[in-house]
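Chemist: So the chains spell out like this:
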Amino acid sequence: MSTVIDTPNRIKKLSGPKLNIKHGCVELSHGSGGRAMAQLIDQLFFTAFDNEWLAQKNDQACFPITAGRMVMTTDAHVVSPLFFPGGDIGSLAVHGTINDIAMAGATPMYLSVSFILEEGLPLSDLQRIVTSMANAARLANVSIITGDTKVVERGKGDGVFITTTGIGVIPNGISISGDKACPGDHVIVSGHIGDHGVAIMSSRNNLQFFTTIESDTAALHDLVHHMITAVPTIHCLRDPTRGGMATTLNEWALQSQVGFMIDERQIPIRTEVNGACELLGLDAMYVANEGKLLAIVSPEDSATLLTTMRAHPLGQDAAIIGEVVHDPHCFVQLKTKTGGIRMMDWLAGEQLPRIC
Amino acid sequence: MEYIEEFRNGDVAQTLAQAITSSARLEKHYRLMEFCGGHTHTIHRYGLPSLLPSNVEMIHGPGCPVCVLPMGRIDKAIALANLPNIILCSYGDMLRVPGSNQYSLQQAKARGADVRMVYSVDDALTIARLNPQKEVVFFAIGFETTTPPTAYAIKQARALQLTNFSVFCNHVLTPVAMDSLLQTQHSDANAVNLDGFVGPAHVSIVIGSQAYEAVSQKYQKPIVISGFEPLDVLHSILMLIEQINQHRCEVEIQYTRAVTREGSLLSQSLMVDVLELRESFEWRGLGSIPNSALQIKHEYAEFDAEKRFALPDTIGVEHKQCDCGAILRGLKKPMDCKLFAKVCTPENPLGSCMVSSEGACAAVYAYGRGSVPV
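Residue numbers (the numbering used here), protein chains in the order written: chain A, 1 to 356; chain B, 1001 to 1374.
For the record, the hints were derived by calculation from the structure and aren't laboratory data. Be aware that one or more of the hints could be misleading.
[Unchecked claim] In silico lysine-lysine, DSS-like type, Cα no more than 27 Å apart, as pairs:
(1) B/Lys-1155 x B/Lys-1333
(2) B/Lys-1109 x A/Lys-156
(3) B/Lys-1307 x B/Lys-1109
(4) A/Lys-335 x B/Lys-1333
(5) B/Lys-1307 x B/Lys-1155
(6) A/Lys-150 x A/Lys-18
(7) B/Lys-1134 x B/Lys-1218
(8) A/Lys-335 x A/Lys-180
(9) A/Lys-156 x B/Lys-1155
Computed from a prediction, not measured in an experiment: that's the story for all the values here.
Please build the complete structure, drawing on both the sequences and the hints.
Modeler: The following block contains the structure:
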């Protein structure tokens, strides 16, 4: 486990004028490698992420290797708008990578971050984003130990793009992978689906009508820790982000060469999200989540796992939604609320709204 | 009351399915066409075929606005989008529909054309207001559902004195298409005999049930106007079977919570104010049909993109093996097309029926392909 050093002013700062956070904005010089860049890094990034690795001011961070298997993952974040109900691109960039690590059953330890900033981005927005990242990392007990900043000309970025790379450690005896689903296994979802995607869609300029729906963005590693402690033999774990639940199930079907039979009535989905999807012509099964996971577990362990998940704040609405079946076609099928059975296929292209 | 879940209730669906099974006479095969793509989508999304007895067959109709638009019109829209200083606003569904040579608006966008997806024509008006230095064109498509908003937007543009807004009008008319479909069926020895229609939902809110009375009488086909929820569709199927069994031929309204016999008089008068009949319009699958579409009236000519811009004469070149035409007329099923799910997929649609989720091929591909025992 990493240690977050919480001593202010331990990083030696470059002398010079203070950044004008209130009225200033990102300029090309902030990415040119000179004094302006050093000031931005010192006054914004180091202050927010403050830890012993950054204090060394090297181009890389050195850390000891611990026992067990390590996992590494990377994720680029390009969300628009940068701030949305329930979160922002900063918290999302931390949670997204932590969750990808956690889905291997691993404990996340370190993150690196790469910023691509667009000339003209208000420094106050950047500070809000960086502070949000720092808070998200601190809450998750993960340190952001190295990073990079580039600035692109106005019009060549979308405010800010953030790429985070994460490293974690898998405890001994845990082996979770998408190719381990077996016919008869149960499928569990940790809570309501579709919140993030609908929150983003509704906060876009022309669709500001669903103000009550918030993104579910959250770090799931603590929930996973409780889950693998209770049931170390969990077969598969994945966070259904882009492409939603349907995409994750289709990926697993191919990886494990199985099919799925999902019961639509068991899938937790908020009335507001359902309503928004109706109005926007979207299918919630394909809408992104940022704080939910799907788990596959053998039927004899599913009750224990479900109880454990429901005892955790991030899993209190968890539900068993279906089971793995034998199917040479690797199809994901859905028993609908109405009682019919149909396919739940891969998403084709982008989800585009229907006309009527 | 949420007005969504109530109309998807599994217990009620079972009751309706049992009623359909016991009403449908064993010796008869019922061929019912759902005219609207919205119904096609509902039927497959909720897996309704698995609830129906084998002698009740649903045949997909031409009521998918994206699907019936001929390639030539899409080529024209792409040509418009490629003109300098233009923002072309389109409903999302239209973006991926291939024109000639598999070229779509989405591809034009990727190559630099300013194409924007909008949820309503009102968004296009806003874009025009915010970009006074640009020409903003709204790619107007659809049956009578989307027509009144287009007419209203043109009136609004005049009221706001917008000089940079125009409409590429492709609105088409439902009862005329139904007539044409039945006429070709009548004269085609290979055509399957349809026993009745599940009639359009949203279109009928605008035009009312009386708009179908003439065609229903002329061809002696019962029509039940149905809501878009699965229970609506099952209920309408039951009502149709009862009409057929009792040898009645009426236009009935199942969707009574929204549709009246007269329809929306306000919407109708908006259309009449701004739009007029086109002499003839090309439909994908149905060919050229007289008086089947609308154009912008002369007095609103400054808002007519076809008059405002010099557009090339385009004749769309269809893929030779694409069966969209026959599928739209109910003569073939998606699975009958040689290209279906092999060369033509939602990722690489060769025909328009594979694009919109209301298209028969896309609906069957996405929802209906997996009917394997599990």
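Chemist: Between B/Lys-1109 and A/Lys-156, does the CA-CA distance stay at or below 27 Å?
Modeler: holds (17 Å)
Chemist: Check the hint pairing B/Lys-1307 with B/Lys-1155 against an upper bound of 27 Å on the C-alpha distance.
Modeler: holds (17 Å)
Chemist: Please work out if B/Lys-1307 and B/Lys-1109 have their alpha carbons no farther apart than 27 Å.
Modeler: holds (24 Å)
Chemist: Please verify whether A/Lys-335 and A/Lys-180 have alpha carbons no more than 27 Å apart.
Modeler: OK: A/Lys-335 and A/Lys-180 at ~23 Å, within 27 Å.
Chemist: Below or equal to 27 Å on CA atoms is what counts here, so check A/Lys-156 against B/Lys-1155.
Modeler: The given pair, whose Cα atoms are some 38 Å apart, is violated under the 27 Å limit.
Chemist: Is it true that the CA of A/Lys-335 sits at most 27 Å from the CA of B/Lys-1333?
Modeler: Answer holds: A/Lys-335 to B/Lys-1333 is near 24 Å, not above 27 Å.
Chemist: Are the Cα atoms of B/Lys-1155 and B/Lys-1333 separated by 27 Å or less?
Modeler: violated (42 Å)
Chemist: Between A/Lys-150 and A/Lys-18, is the straight-line Cα distance small enough, at 27 Å or below?
Modeler: holds (20 Å)
Chemist: Take the C-alpha atoms of B/Lys-1134 and B/Lys-1218, compute the straight-line distance between them, and say whether it is at most 27 Å.
Modeler: With a Cα-Cα distance of about 49 Å, the restraint between B/Lys-1134 and B/Lys-1218 is violated, given a limit of 27 Å.
Hint compliance for this structure: hints 1, 7 and 9 are not met, and every other hint is.
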